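Visitor: For reference, the chains in residue letters:
Number of protein chains: 4
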Amino acid sequence: MHVGPVTIDYDILVAGLRGDTGFTSQEFIDAMSFSLKYLRKLMGADETYQPFIIPGGGTSAMESVASVLRRGDKVLVVSNGVFGDRWKAIFNRYSVAVDVLKANPGEYVKPEEVEKAVEEEKYSLVTMTHVETSTGVKEPIGEVTKRIRDKVDLIAVDGVSSVGAETVKAKDNQVDIYLTASQKAIGVPPGAGLLVLSERAVSRLSEESVAGYYLNLKNWVDVMRNLEEGKGSYFATLPVHLIFMLVKAFELMEREGLENRIKRHERVAKGIRAGIESMGLDIVARKPEAYSNTVTGVIVKKANPSEVLKAVVSEGLELAPGVHPALAGKYFRIGHMGWVNPNDAVTTIAVLERVLKRMGEPINLGEGVRAVQNTLA
Amino acid sequence: MHVGPVTIDYDILVAGLRGDTGFTSQEFIDAMSFSLKYLRKLMGADETYQPFIIPGGGTSAMESVASVLRRGDKVLVVSNGVFGDRWKAIFNRYSVAVDVLKANPGEYVKPEEVEKAVEEEKYSLVTMTHVETSTGVKEPIGEVTKRIRDKVDLIAVDGVSSVGAETVKAKDNQVDIYLTASQKAIGVPPGAGLLVLSERAVSRLSEESVAGYYLNLKNWVDVMRNLEEGKGSYFATLPVHLIFMLVKAFELMEREGLENRIKRHERVAKGIRAGIESMGLDIVARKPEAYSNTVTGVIVKKANPSEVLKAVVSEGLELAPGVHPALAGKYFRIGHMGWVNPNDAVTTIAVLERVLKRMGEPINLGEGVRAVQNTLA
Amino acid sequence: MHVGPVTIDYDILVAGLRGDTGFTSQEFIDAMSFSLKYLRKLMGADETYQPFIIPGGGTSAMESVASVLRRGDKVLVVSNGVFGDRWKAIFNRYSVAVDVLKANPGEYVKPEEVEKAVEEEKYSLVTMTHVETSTGVKEPIGEVTKRIRDKVDLIAVDGVSSVGAETVKAKDNQVDIYLTASQKAIGVPPGAGLLVLSERAVSRLSEESVAGYYLNLKNWVDVMRNLEEGKGSYFATLPVHLIFMLVKAFELMEREGLENRIKRHERVAKGIRAGIESMGLDIVARKPEAYSNTVTGVIVKKANPSEVLKAVVSEGLELAPGVHPALAGKYFRIGHMGWVNPNDAVTTIAVLERVLKRMGEPINLGEGVRAVQNTLA
Amino acid sequence: MHVGPVTIDYDILVAGLRGDTGFTSQEFIDAMSFSLKYLRKLMGADETYQPFIIPGGGTSAMESVASVLRRGDKVLVVSNGVFGDRWKAIFNRYSVAVDVLKANPGEYVKPEEVEKAVEEEKYSLVTMTHVETSTGVKEPIGEVTKRIRDKVDLIAVDGVSSVGAETVKAKDNQVDIYLTASQKAIGVPPGAGLLVLSERAVSRLSEESVAGYYLNLKNWVDVMRNLEEGKGSYFATLPVHLIFMLVKAFELMEREGLENRIKRHERVAKGIRAGIESMGLDIVARKPEAYSNTVTGVIVKKANPSEVLKAVVSEGLELAPGVHPALAGKYFRIGHMGWVNPNDAVTTIAVLERVLKRMGEPINLGEGVRAVQNTLA
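Protein chains in written order, with the numbering used here: chain A, 66 to 442; chain B, 66 to 442; chain C, 66 to 442; chain D, 66 to 442.
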C-alpha cells in the first residue's frame with residue numbers, strides 16, 4: 066500500500082521477461098503501437114491527441130511540458146502541495162515567468178480562485194495536479210477548466226496519482242496535456258512517463274521552445290507517430306522491457322473495464338477511510354469532495370509516523386511517509402492504487418489497528434475492520 | 066547480437082520480479098548502495114569519485130553533463146559519428162558554445178588533433194566517445210587525456226558502448242565524467258544512466274548551471290550519497306525493479322572478474338571480425354587500432370542491409386541497422402556485448418554466411434565459421 | 066487458503082526458472098544434496114535416517130512404503146478420515162493383510178485403542194496420519210508411538226499436512242518412516258514426495274518386497290546416497306526444476322527458523338478458528354487437542370458449501386471443498402499452511418463474513434474479524 | 066543439448082509462475098482439458114483414444130501400462146537398449162511372464178523377428194521403444210505393427226524420445242498405448258507422464274489388474290474424463306504448475322505446426338550427424354534407417370567421453386553420458402529435441418570440434434561446422 070512503485074501483479078512483471086528483444090524488433094514496435102493507442106483511451110482523449118510514452122517518470126513527464134513553452138512565457142501553477150510546487154521548481158530552471166496559487170495543506174485551490182487569476186493575467190500555460198500525492202487531495206479538474214478554458218492558452222494536468230483510478234477526461238475537459246507515470250495507478254514498475262497532447266499543444270513543439278534535448282517532445286513526436294503506425298523509429302532508447310509490462314497492464318485494464326477499475330479504487334478508498342475514521346484518526350484531505358481514490362493521508366495523535374512505517378513492515382504492510390513540509394512529523398500516507406482490492410483495505414486497517422494500539426493510540430480493536438466490512442458488505 | 070538492448074541473461078531479468086518493493090524499502094536502499102559502490106569499480110574510479118544512477122539511458126546521462134556547465138562556457142566535442150554528434154545537438158539546446166572535431170566514418174579523431182584544438186582555445190569541457198556505437202570505432206581515451214589533461218577544465222567520456230567490455234580507467238586517465246547506460250555492455254534492460262563524477266566535476270554542480278531539473282545532477286547528488294550510506298532518500302522515483310537487476314548483473318560481473326569479462330568480449334569480437342573478413346566483407350572501422358570489443362559495422366557488397374536484418378531474424382539472429390548517414394544503405398551492425406560468448410560468434414557468422422550467400426554475396430560456405438573456430442581454438 | 070497446492074511465494078517459483086539444467090549438472094546435484102540433508106532436519110531425523118526425494122506427491126510417497134513390506138505381512142492402519150483410509154486402499158493392491166482402526170469424523174483414534182490393537186495382533190507396520198487433510202484433525206503421534214513402539218516392527222506416519230507446520234520428531238518419537246509432499250506446508254508446487262527412513266526401515270528394502278518398480282525405494286536408495294554425496298546418479302528422471310524451488314523454500318525456512326515457522330502457523334490457525342467460532346459456525350475437529358495448524362474444516366448452517374467456494378473466488382479467496390463422505394455437503398475446508406501470515410487470517414475471515422452473511426448465515430458483520438484481531442494483538 | 070530435461074524455452078517456464086492456483090480452480094481445469102485434447106492430436110490418436118496426464122515421467126508412464134495386465138499374462142518386450150530392457154525390469158515386479166527380443170547395440174529388432182515371435186507365442190502385450198534414448202536408435206513402429214497387429218492383444222509404444230519430434234501415428238498404426246514424458250521432445254520440465262489408450266486398452270482397466278494404486282490408470286480414468294469435460298475431479302494431486310507450462314508448450318507447437326516441428330528436428334539432426342561424420346567420428350546407430358531426430362550417440366576414438374562432457378560444459382554446452390552397458394566408456398550422447406534450432410547444431414559441432422581436437426582426436430578445425438552449414442544452406 067505504497068504510493069509508488071505500487072504493488073505489482075506478477076503477470077505484469079513476467080511480461081517483461083524478454084531475453085532478446087531489441088528496439089527494432091516487430092514485437093516491440095507492436096507493443097508500442099498498442100500502448101500508444103490505449104493511452105488515448107485511458108486519458109479520455111481522442112484521435113486529435115498525440116500520445117507519448119517516454120523514459121523517466123512523473124517528474125520527467127512534467128518537465129517535458131517545457132517543450133510547449135517559449136522564452137518569456139507566463140505560467141500559472143495551481144499547487145495543492147509538494148508536487149504542485151514541483152511545477153514551479155521545474156519552470157524556474159527555464160526562462161519563463163511563474164506565478165503560483167497555493168492551497169492550505171489538505172485543501173485545494175478553488176476553481177474561482179484560478180478563474181480570478183487568469184482573468185487578471187494572460188498565461189500561456191496553467192498547470193494543475195489532479196491528485197496531489199503528498200496529501201491525497203483531489204482538484205476538481207472539470208470545474209476549473211470550464212471556468213478558465215477560454216482565458217488561457219494551454220492547460221496541463223499532472224495525473225500521476227489519478228490516471229487509471231479516477232475519471233480522466235482530457236477531451237471533454239479540454240485539457241491540452243494530461244500526463245502520468247507507469248508506477249502509479251497503472252501498476253507497472255517505474256520507468257516511463259506517459260502523456261497525451263492536444264493538437265494545440267503539439268503545434269507549440271518547435272526549435273524555439275525552451276526545452277532541452279532528451280525531454281523535448283519535439284524530438285519524440287515523429288518516433289511516437291511511426292511506432293503507432295507499426296514502423297521502427299529511434300530517437301533514444303525506450304524502456305523496451307517495461308513496454309511489454311505496460312501492454313499486459315493495459316490488457317488487464319481492458320479486461321476489467323476502465324469504469325469497473327475506477328469503481329474498485331473507489332470501493333477500496335472508501336473502506337480505508339471508513340476504517341481510519343472509526344479508529345478516531347484524521348484524514349489529511351479536509352472535506353469529502355477533496356478525497357481521492359488513490360492516496361489517503363492519515364494524521365496520528367500519539368504515535369510517531371516514522372515508527373509506524375517501520376512497525377507495519379514487520380506485519381507485512383508497506384506504507385509511505387508524509388512529505389508535506391507543513392505537516393512534517395504528523396502524518397503518513399496510504400497508497401491505494403493499481404491492483405488493490407477490498408482485501409487490501411481490510412488488511413491495511415487490521416494491521417494499523419494493532420500497530421497503532423501498541424503505540425498508544427486509543428484504538429478499540431476490531432472497530433476499524435468492522436467499519437471497513439460495513440462499507441464492503 | 067543487437068547493439069542494445071542486448072540479449073539479457075534470464076537470471077538478471079528474474080531479479081526484477083519484485084511485486085511489492087517501494088522506494089523506501091530497505092531492500093531497495095541496499096541495492097542502490099551496492100550498485101553505486103560497484104559502479105566506481107566498474108569505471109576504474111576511486112572514493113574521490115561520486116557515482117550516480119539516474120533514470121533514463123545514455124542520452125539522458127549525456128545531457129546530465131550540462132549540470133557542470135554555466136552560461137557562456139565553451140565545449141569541444143570530439144566526434145567519431147552519430148553519437149559524437151549527439152553531444153553537440155544536446156549542448157546546442159543550452160546557452161553554451163560548441164566546437165566540434167569530426168572524424169571520417171570508420172576513423173577516429175587523432176589525439177594530436179584534440180591536443181591542437183585545446184591549445185588554440187580554452188574549453189570548459191571536452192567530450193569524447195569511447196566506442197562510437199554507430200560505427201564500432203574506439204577512441205584511444207588514455208592517449209588523448211595524456212595530451213590534454215592540463216589544458217582543459219573538465220573531460221567527459223561517453224562510455225555507453227565500452228563500460229563493462231573495454232578497459233575503463235576514469236581515475237588513471239583523469240577523466241572527470243565517465244558515463245554509460247544499463248542496456249549495453251552491462252547487460253540489463255534499458256532504464257538507467259550511470260555516471261561517475263570527479264571531485265572537480267561535483268564542485269561544478271550549482272544553482273547557476275545551465276541544466277534543467279530532472280537531469281540536473283545537483284538535484285540527485287545528496288540522494289546518491291544518502292542511498293550509498295544506506296539511508297532512504299528521494300528526489301524523483303528511481304527505476305526500482307531495474308536496480309535489482311543491476312545488482313544481479315554486477316554480482317555476475319564480480320564472479321566472472323572484470324578482466325575476464327573484457328577478455329571474453331575481446332575473444333568474441335576477434336572471432337566475429339575473423340569470420341567477417343574471411344567472408345570477404347569489409348569492417349567499418351578502418352584500422353585494427355580502431356576496432357572495439359562491442360560493435361562491428363559490416364559493409365556488404367551485393368546484399369541490401371535492411372533485407373539482411375529481416376532475413377537473419379527468421380534464422381534466430383537479431384542484428385542492428387547501420388545509422389551513420391555517410392554510410393547509409395551500405396552496412397549493418399553486429400553488437401557483441403553483455404552476456405555474449407564464443408558460441409554467439411560462431412552462430413552469428415554461420416547465419417550470416419547462409420543468408421548473405423542466398424543474397425548473392427560471393428560466400429564460400431564454411432569459410433567464415435572455420436575462421437571463427439581458428440581464433441577460438 | 067487452499068489445502069494444496071497452497072499459495073506459493075514467487076521467490077520460490079522463480080527459483081525454478083532454469084532453462085538448461087540437466088540432471089547431470091553440478092547445480093542440480095548440489096541442489097539435491099542440500100535438499101536431502103535439510104529434509105532430515107525438517108523431519109526431526111538424524112544421520113541414521115536416509116532421506117528420499119522422489120517424483121510424485123503424497124499418495125506416491127505413501128505407496129512407496131510398500132517397499133518395506135513382504136508378501137503376507139500384516140499392516141495396521143490408524144485412520145481418521147479419507148487419507149487414513151487411503152493407506153488401506155493402497156495396501157489392498159498388494160499381497161499383505163490390512164486391519165483398520167477408524168475414528169468418527171472430527172475425532173482421532175485414541176492412543177490406547179492403537180495400543181490395544183497391537184497387543185492383540187503382531188503387525189509388521191502401523192501407519193498413522195499426523196494431520197488428516199480431510200478433516201483437519203491431528204493425531205498425537207508421540208503419545209501413540211510411546212505406547213506401541215516396542216510392540217510393532219515398523220511405524221510410518223503420513224505428515225503430508227503437518228511437516229513444516231507442526232512439530233515433527235521422527236527420531237524422538239522413533240518413527241521409521243515420515244513422509245510428506247512438496248505442495249503442502251513446505252509451500253512448493255506439487256511434484257515430489259519426501260521421506261525419511263530409519264535404519265530399520267532401510268534394512269527392509271529388498272528384492273523380496275511387494276513393491277513395484279518406480280515407487281520402490283530400493284531402486285532409489287543408492288541414487289539418494291550418491292546425490293547427497295555430490296555425485297551424479299540416475300534411476301528415473303527427478304523433477305529437476307522443482308528441486309531448485311525446494312532449495313529456495315528450505316533456505317527461506319532456515320532463515321525464518323523452524324520453530325518460528327511452526328509458531329506462525331499456530332498464530333494464523335488460532336486466528337482463523339477464533340473468527341470461525343465468533344461467527345457462530347462449528348469446526349469439524351471436535352476438541353481443541355485435535356486442532357491442527359494447517360487445516361480447519363468449517364460446518365455451515367444455512368449456506369451451501371459448494372456455493373460458498375464459488376462466491377469467495379470472486380472476492381479473491383480460494384478455499385477447498387469438504388471431502389469426508391460422512392460430512393458430505395455440510396462443510397468446506399480452509400488450508401492455512403505454507404507462506405500464510407496473520408493478514409491471511411484477517412482476510413479469510415473478512416471475506417467469509419461477507420459471503421456467508423449474503424448466503425443467509427446469521428452473521429454479525431465485524432465480529433469475526435474483531436475476534437481474529439484479538440488473537441493477533 | 067541434453068537428452069532430458071532438455072533446454073526449455075523461458076516462455077514455457079514462466080507460464081508456471083502461478084502463485085495461487087489450486088487444483089480446484091477453473092484455470093487449472095481448463096488447462097487440463099486443453100492439454101488432454103491436444104495430447105490426442107500430438108499422438109496421432111482420435112476421439113476413440115483416452116488421454117492421460119499423470120504425475121511422474123517416462124518410467125512411471127511405462128509402469129502404468131501394468132494397469133492393462135492381469136496375473137499370468139504374457140508380455141513380449143522388444144528391446145533396443147537400456148530403456149527397452151526397462152520394460153522387462155518393470156514387468157518382473159508383477160505376476161506376469163516376460164519374453165525379450167534384444168537388438169545389438171546400435172541396431173533395432175527387425176520387424177520380421179517380432180512377427181516370428183508373436184507367431185510362436187500368444188502375447189497379451191507387446192512393448193516397443195520408438196526411439197531408444199540410450200543409443201538414439203529408431204524402431205520402425207509402423208512396419209512392426211502391420212505385421213503383428215492381428216496376432217497380439219495389445220501393443221504399447223514408449224515414445225519418450227519421439228513424441229513431438231518424430232511422426233507418431235497411434236491410430237493409423239493401431240497402437241493401443243503410446244506414452245511419453247514432459248521433459249523430452251515436448252520441451253517442458255520433468256514431472257508428468259502422458260499417454261493415450263485405445264478403447265481396447267481402456268477396457269482392460271479393472272480391479273483385477275496387477276497394477277498398484279498411484280500408477281493404476283483405473284484410478285485416473287474418470288478424473289481425466291471429468292477434467293477434459295471441464296469438471297473438477299481428484300484422485301491424487303496433479304503437477305498443477307507443470308500443466309500450465311504444458312499448455313504453453315502445446316500452444317507453441319500448434320503455432321509452429323506439428324509437421325514443421327518434425328521437419329525442424331530432422332534438419333537439426335541431419336546437421337549434427339553431418340558434423341559428427343565429417344569429424345571422422347562414428348554414430349552409434351549403425352544405419353541411416355535407424356537414425357532418430359532426437360538423440361545421436363557419438364563414439365569417440367581417443368578422447369574419454371566423461372572428460373568430453375566436463376570440457377564442453379565450460380564452453381556453454383551440456384551433453385549427456387552414454388549409458389548402454391555394451392558401449393560403456395566409448396560414447397556420449399547429443400540430445401537434439403524440444404526447442405532446438407539449426408544454430409544449436411552449429412554451436413554443438415563447433416564446441417565439439419574444439420574440445421575433441423584438444424583431447425587428441427584427429428580433427429581438422431572447421432570441417433565439422435562446414436558440413437553442418439552445407440546441410441542447412
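A few of these clues could be false.
One copy or any two copies: either way a pair holds, since identical chains are not told apart in the list.
Stated by the list, open to error - The calculated DSS-like cross-link candidates involving lysine-lysine, where the alpha carbons are at most 25 Å apart (straight line), are:
1. K375 with K187
2. K328 with K367
3. K296 with K375
4. K395 with K296
5. K328 with K422
6. K283 with K313
To be clear, the hints were calculated from the coordinates, so they are not data collected in a lab.
Bear in mind that the values here come from a model prediction, so they are computed numbers and not experimental data.
Visitor: Give a verdict on every hint.
Guide: Hint by hint, here is what the structure shows:
In this assembly of identical chains, the alpha carbons of K375 and K187 never lie at most 25 Å apart, being 48 Å within a copy and 54 Å across copies at closest. Neither within a single protomer nor between protomers do K328 and K367 lie at most 25 Å apart by alpha-carbon distance, with minima of 34 Å and 31 Å respectively. In this homomeric assembly, K296 and K375 come within 25 Å of each other (Cα to Cα) only across copies, at 14 Å, whereas the closest approach inside a single copy is 49 Å. Taking identical chains as interchangeable, the C-alpha atoms of K395 and K296 lie at most 25 Å apart only when they sit on different chains, with a minimum of 21 Å there against 52 Å within one chain.
In this homomeric assembly, K328 and K422 come within 25 Å of each other (Cα to Cα) only across copies, at 23 Å, whereas the closest approach inside a single copy is 31 Å. For the identical chains of this complex, K283 and K313 are neighbours neither inside a copy (28 Å) nor across copies (36 Å), given an alpha-carbon limit of 25 Å.
Figure legend: structure checked against the earlier numbered hints; hints not met, in rising order: 1, 2 and 6.
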